[in-house]
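*Asks:* Note that the numbering used here gives residue 33 to position 45 of the sequence shown, counting from 1, and the numbers run on in steps of one.
Errors might be hidden in some of the hints.
[Claimed, not checked] List time: in silico DSS-like cross-link candidates among lysine-lysine, alpha-carbon distance up to 30 Å:
id	residue 1	residue 2
1	Lys71	Lys51
2	Lys31	Lys66
3	Lys91	Lys133
4	Lys31	Lys11
5	Lys11	Lys51
6	Lys42	Lys31
7	Lys(-9)	Lys2
8	Lys66	Lys51
9	Lys75	Lys133
[Unchecked claim] Label-pair distances were calculated between CB atoms; the ranges are:
id	residue 1	residue 2	range
10	Ser88	Cys(-6)	47 to 55 Å
11	Phe76	Gln34	47 to 55 Å
12	Val107	Met21	49 to 57 Å
13	Glu95	Val8	41 to 49 Å
Hints are computed from structural coordinates only; laboratory data are not their basis. Note that the Cβ used here is the ideal one computed from N, Cα and C, for glycine as well.
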Amino acid sequence: MSKLVCRIELDKDKGIILTVENKDGKITQTAVMNGESITITSKGEQDTSTIIQKPDSIAMKCKTFTLEAETITCTSTKDTLHKSDQKFTIQSTGDMTLKSSAKLTEEATSDVTVSGSNVAVSATGNAELSASNTTISAKAKMEVKGTSLELSGSATAKMKGGAATDVEAGGITSIKGALIKLN
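Kindly produce the complete structure, drawing on both the sequences and the hints.
*Replies:* Take a look at the structure:
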């Protein structure tokens, strides 16, 4: 390891400046305490990282940020934003919960995929699914249940069964139309 050049400057206007220079590694580290903020800088040939601490804030700027801990808790009393200009991944090897005490909005400008061994979607009020084309399919059995069931199409409505189609009512079965064709 090369010898380091270390300096401590005490200045009534600039504050305290600690400097460590590694000339062989071409790295300069500084800590500046000027009475308003503490700035820690690590500068190499290619990159620079900086931490600025003030009484009301801490700002970090770096190329790669890694945080590793057994337990992490992040709490804010106001707004929180997590943003990436590239890919953003959230991953858990255990259970995961996404919860809001108010409105929850999920939006994508491209495809959305939801998958799981069992998927349940429920609403205490109304539930609505809309798209230019909608396909709902099941590999085994599909059930559509409700107190009242309405199927309608503004142009046509079709119901097919590969082997059999049963239409059954406990009371009255009505078939209406200008022309009814039974084969």
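*Asks:* For every hint, state whether the structure bears it out.
*Replies:* Do the hints match the structure? See the list:
no., hint, verdict
1, Lys71 x Lys51, "holds (15 Å)"
2, Lys31 x Lys66, "violated (33 Å)"
3, Lys91 x Lys133, "holds (27 Å)"
4, Lys31 x Lys11, "holds (12 Å)"
5, Lys11 x Lys51, "holds (22 Å)"
6, Lys42 x Lys31, "holds (21 Å)"
7, Lys(-9) x Lys2, "holds (27 Å)"
8, Lys66 x Lys51, "holds (27 Å)"
9, Lys75 x Lys133, "violated (40 Å)"
10, Ser88 x Cys(-6): 47 to 55 Å, "holds (51 Å)"
11, Phe76 x Gln34: 47 to 55 Å, "violated (25 Å)"
12, Val107 x Met21: 49 to 57 Å, "holds (55 Å)"
13, Glu95 x Val8: 41 to 49 Å, "holds (48 Å)"
Going through the hint list in order, the structure does not satisfy hints 2, 9, 11.
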